[in-house]
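J.: Sequence:
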Amino acid sequence: MADSADGISYITHNAPAWRPASSHIAMVDLAPFGFENEQEQVWLRPLGEEGFEVCCIPFRVHGVSLGDRGKLSDGRFVSGVLSRSGRRVFRVFFTDPRPPVDFPDSRDGLRFVILSGGFLAEWSGDRHVAIDIPESCDPSPLFRAIEDAAINETVYCEWGDSEPFALSD
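Using the numbering used here, you'd call the opening residue of the sequence shown number 45 and step up by one each time.
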């Protein structure tokens, strides 16, 4: 996350899951999702008259997944979802400190499951990961990798579609 002179914090995707040769970067205001003065940068593939395709796995935006098709306003802000790809986003946030004081660190186990299971994932720092879950994929190995950490409350998770996409008022 980067702060700026305009008082807004920007969530960026340094290594988007898909990086097409022709890409566009747009912003999503995160205020409707409980993050005032924050915006998330998202990578898009232009589709001409059909809008754009999301090429990153959102860290904080709700109701948007990798491969979804959407539209822009003013050429720089995502203004809606036109169609869903069928994919979902599973987000995991590891608490501080890392490793936890009295419990094992489950990040390596989760990294192993992501790689061995062929999941696409993007990390924001070393404590927050957004994982792409294709429509026909079984995410249960991911849950098992962080189960003890969830019981010990050293990790928090959510589905990216637990709320619909929304715009600021």
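Hints listed in this document are in silico derivations from the structure and should not be mistaken for laboratory results. C-beta: ideal position from N, C-alpha, C; glycine also. Heads up, some of the hints might be wrong.
[Unchecked claim] Using C-beta positions, here's what the derived DEER-type ranges look like: (1) Gly119 <-> Glu179: 41 to 47 Å; (2) Val145 <-> Glu94: 49 to 55 Å; (3) Arg120 <-> Glu94: 15 to 21 Å; (4) Ser184 <-> Glu94: 33 to 39 Å; (5) Arg120 <-> Glu80: 32 to 38 Å; (6) Asp213 <-> Arg142: 32 to 38 Å; (7) Cys201 <-> Ser117: 16 to 22 Å.
J.: A separate judgement is required for each hint: does it hold in the structure or not?
T.: Do the hints match the structure? See the list:
1. For Gly119 paired with Glu179, a C-beta distance near 30 Å fails the hint of 41 to 47 Å.
2. Between Val145 and Glu94 the beta carbon distance is about 51 Å. The supplied range of 49 to 55 Å therefore holds.
3. Checked against the hint of 15 to 21 Å, the C-beta distance between Arg120 and Glu94 comes to roughly 18 Å, which is consistent with it.
4. The hinted window of 33 to 39 Å between Ser184 and Glu94 holds, with their beta carbons roughly 34 Å apart.
5. With their beta carbons about 20 Å apart, Arg120 and Glu80 fall outside the hinted range of 32 to 38 Å.
6. Our hint of 32 to 38 Å for Asp213 and Arg142 holds, since their Cβ atoms are close to 37 Å apart.
7. For Cys201 paired with Ser117, a C-beta distance near 31 Å fails the hint of 16 to 22 Å.
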